[in-house]
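Engineer: What follows is the residue order along each chain.
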Amino acid sequence: MTSIEEKFEESKRLGLQIVKESEEDRLMTLSVGPQHPGSGHFRFVIKVDGDYIVYCDPDPGYVHRGEEKMCEYRNVIQNIPHLERPVIHDSANITYSYSLAVEELVGIEVPRRGQFIRAIASELNRQVYTLYWLAIYGIFLGHSTMFMWPTGDREVIIDLLEALTGARVTHAYNIPGGVRNDMPEGFRDRCLSQIRYLQKRFKEYEDIFYNNPLFRQRTEGVAVLSKEDAIKLGVTGSVVRASSVPFDVRKAEPYDIYNEIDFKVQYMKTGDCFARSYVPLLDMQESCYIIEQLLDKMPASGEVRAKLQPNPKGPPGESYRRVESGRGALGYYIVSDGTPKPYRVKISVGSFRNMLALPYLLVGQRLADMPAVYWSLNYWPVEADR
Amino acid sequence: MSANNKEELNKLAAGSQTKHSSSTSDDTAQQQQPAPPPPSTQPKQIPAKPSPPSATAAASAATTTTPPKPSLASSPAKTQPEPPPFEKGLVEQLKNKFGDIVKVVFIKPLRIKIQVEPQDIVGVASFLRDSMGFDHAESVAGTDYPKDNQIEVVYHLGSYSREELAAHILWLTARTNKDDARLPTLINIYKSVEYHERECYEMLGVYFEGHPRNERFLLPEDWADIPPLRKDFRIKGR
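Line order of the protein sequences matches chains A and B. At position 236 of the first sequence the residue is numbered 237 (our numbering), and the sequence of numbers has no breaks. At position 4 of the second sequence the residue is numbered -9 (our numbering), and the sequence of numbers has no breaks.
Chain A on its own, in the form it takes in the complex (with noise of 0.2 angstroms):
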């Protein structure tokens, strides 16, 4: 695989050399999306020559709804609920980075429990996002045993989330200053019955899906993305751990009570679509390992929510927070001048950053590996709109 410098200098001799009428003709433009069922609400324009890619330009916004913009009409515990939305199976988690960014600017300490709740709240949270993308992957990989699987299993997280914040998909529960209520009884031996029911079932996943032998022909050897372009790319998340990168922001940049937990950063050498769809697996063992972790050495009583006041305000200043999130690095840059509404903020968001993969990926493979490279970057599209 060239890299992108090398790719680059190529299409600038290509360009000047090949300037013929009767090449273009040969050349067929594909829209895909926004209402292909393959790639959500999001289009790329592509173009083949027979069989291959040869050109691709994404297109987002078609859910973009002005989050950034909305954030600066309402004080800081308004924003919470909307800015869920743009990727509700892992709401816990771009909720996660807001607050500790809000923490920063106002000075809130978090309660030791709470701190532990909300890692539990987004560790099983992200666990639902990744089970639904794997559904997601291989009902367009043609395997619908790995749809019916994960979504019936993702029901199990969904349930206990539900016990533990009282909504199924969009929580609200982490906030600044800790998480709305504290645990209910017996919330800790359902847990745990429940993550060794998950353990098992991913054993079944490997089996059945990625030992697969088709679905390794599909995957294994497609669109490489080695290590130095992963690194200037800037992809986060499974994508960049699939290409020898170890960085997890939970390691990197340990958050509330991660520096206690003992975890490894799992990634791969391989670089492509096989390594980025099976990242998220192992990450969800891990979590698993993780949940079991914090629910041991959780304070067994005390405060889960630092008192607020009614419009907390800070003194003037900026924060950037991030966590990691099940699509990598979410980052919230917030700008405060001092009064309870924010001046300025910016989500930075894993999707939108790997869909700069997207094209440098798809040039050179075939139609049919489309939605295998397509998915394997843990994309979101309306994450990445906002």
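Calculated directly from the structure, the hints in this document are not laboratory data. Model, not experiment: these values are computed from the prediction. Each residue gets a CB set at the ideal place from its N, CA and C atoms; glycine is no exception. Take the hints with a grain of salt, since some may be wrong.
[To be verified] A few chain B residues that don't get close to chain A, going by computed Cβ distances all over 10 angstroms: (1) 75; (2) 83; (3) 94; (4) 97; (5) 114; (6) 124; (7) 131; (8) 135; (9) 137; (10) 153; (11) 167; (12) 181; (13) 211; (14) 212; (15) 219; (16) 220.
[Said to hold, decoys possible] Straight-line Cα separation of at most 25 angstroms, DMTMM-like style, residue types lysine to aspartate or glutamate; simulated pairs: (17) A:70 <-> B:74; (18) A:342 <-> B:74; (19) B:134 <-> A:68; (20) A:70 <-> B:219; (21) B:84 <-> B:167; (22) B:90 <-> B:74.
[Unchecked claim] Covered stretches of chain B, as calculated for chain A (at least 3 residues, CB under 8 angstroms): (23) 154 to 163; (24) 169 to 176.
On the provided structure of chain A, position chain B as indicated by the hints.
Structural biologist: Below, chain B without anything else, positioned relative to chain A:
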């Protein structure tokens, strides 16, 4: 420019098609490798940085500077009680190289904010990438300051290749006049800013000189209003 670029890419890929078909022998060679067990994952322990965020949050919140004031740029870390040594070392490295070109806005644990003039940003960024190891941009955020009639663009730079910098984010900022908002693009130094700068162009109207595509990205194609993240754009009904 952009149309040419597209054409060039087409040509490139059309030309590389033959290369791809000839490389199938490589693919088969890869498939012949023993495959049955799940591929080798190298679990590796990265040394955790001792950075309890809740403790730093309280400390830094008390000492943050005020962004809307233009004077903040020239007030470096003097007001800070004790800048962390590692971050201070990074700033000294920059200061030795560039002197007064780089203004240090603040030094907080794991976060450094520096400000440069628009004409110097390319030079500083290439030094940051080549000599200091900040190899990618996490985000590019523009902020409108109508009081100063300026727009500030912040590049949040991170590092994958240097392990000791993994927790650090360096904020590289430059301010431009709002009436004729222009900045040199960093796309030749940081490939990762391509879409971020494009978003900044349409949301705040900052034209990035040298960027191949200062075009619509997220907004509707028929958008006919001022850039929406500027402060003089008001949401209807608010």
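Engineer: All hints are to be evaluated individually against the structure, with a verdict given for each.
Structural biologist: Results of checking the hints against the structure:
1. Residue-level check passed: residue 75 of chain B sits 19 angstroms from the nearest beta carbon of chain A, beyond 10 angstroms.
2. Separation of residue 83 of chain B from chain A is adequate, the least Cβ-Cβ distance of about 26 angstroms exceeding the 10 angstroms criterion.
3. Annotated as non-interface, residue 94 of chain B keeps its C-beta farther than 10 angstroms from every C-beta of chain A; the closest such distance is 13 angstroms.
4. Not every beta carbon of chain A lies more than 10 angstroms from that of residue 97 of chain B, the smallest distance being close to 7 angstroms; the non-interface claim is violated.
5. Interface exclusion of residue 114 of chain B from chain A stands, the closest Cβ pair being 17 angstroms apart, more than 10 angstroms.
6. Listed as a non-interface residue, residue 124 of chain B fails to keep its Cβ farther than 10 angstroms from every Cβ of chain A; the least gap is roughly 6 angstroms.
7. Not every Cβ of chain A is farther than 10 angstroms from the Cβ of residue 131 of chain B; the closest lies at roughly 8 angstroms, contradicting the non-interface assignment.
8. For residue 135 of chain B, the requirement that its beta carbon stay farther than 10 angstroms from each beta carbon of chain A is met, with the minimum near 13 angstroms.
9. With a closest Cβ-Cβ approach of about 13 angstroms to chain A, residue 137 of chain B is found to remain outside the 10 angstroms limit, as its non-interface label requires.
10. Not every Cβ of chain A is farther than 10 angstroms from the Cβ of residue 153 of chain B; the closest lies at roughly 4 angstroms, contradicting the non-interface assignment.
11. Interface exclusion of residue 167 of chain B from chain A stands, the closest Cβ pair being 21 angstroms apart, more than 10 angstroms.
12. Distance check for residue 181 of chain B against chain A: the nearest CB is about 6 angstroms away, which does not clear 10 angstroms, and the non-interface claim fails.
13. A cut-off of 10 angstroms between C-beta atoms confirms that residue 211 of chain B is not in contact with chain A; the least separation is 16 angstroms.
14. The Cβ of residue 212 of chain B lies farther than 10 angstroms from every Cβ of chain A, with a closest approach of about 12 angstroms, so its non-interface assignment holds.
15. For residue 219 of chain B, the non-interface assignment is confirmed: its Cβ lies about 12 angstroms from the closest Cβ of chain A, beyond the 10 angstroms cut-off.
16. Distance check on residue 220 of chain B: its Cβ comes as close as 8 angstroms (rounded) to a Cβ of chain A, failing to clear the 10 angstroms threshold; non-interface status is violated.
17. Taken as a hint, the residue 70 of chain A and residue 74 of chain B pair is broken in the structure, with Cα atoms around 33 angstroms apart against an allowance of 25 angstroms.
18. Taking the CA atoms of residue 342 of chain A and residue 74 of chain B, the gap is about 30 angstroms. The hint is violated against a cut of 25 angstroms.
19. At most 25 angstroms may separate the alpha-carbon atoms for a hinted pair to count; residue 134 of chain B and residue 68 of chain A meet this at roughly 24 angstroms.
20. Only pairs whose Cα atoms come within 25 angstroms are accepted, and residue 70 of chain A paired with residue 219 of chain B is accepted, the gap being roughly 12 angstroms.
21. A distance of roughly 30 angstroms separates the Cα atoms of residue 84 of chain B and residue 167 of chain B; the hinted pair therefore is violated under the 25 angstroms criterion.
22. With a C-alpha separation of about 15 angstroms, the suggested pairing of residue 90 of chain B with residue 74 of chain B holds against the 25 angstroms cut-off.
23. Under a criterion of three residues with beta carbons nearer than 8 angstroms to beta carbons of chain A, the stated coverage of the segment 154 to 163 of chain B is upheld, 3 such residues being counted.
24. With 0 residues having a Cβ less than 8 angstroms from any Cβ of chain A, the segment 169 to 176 of chain B misses the three-residue criterion, and the hint is violated.
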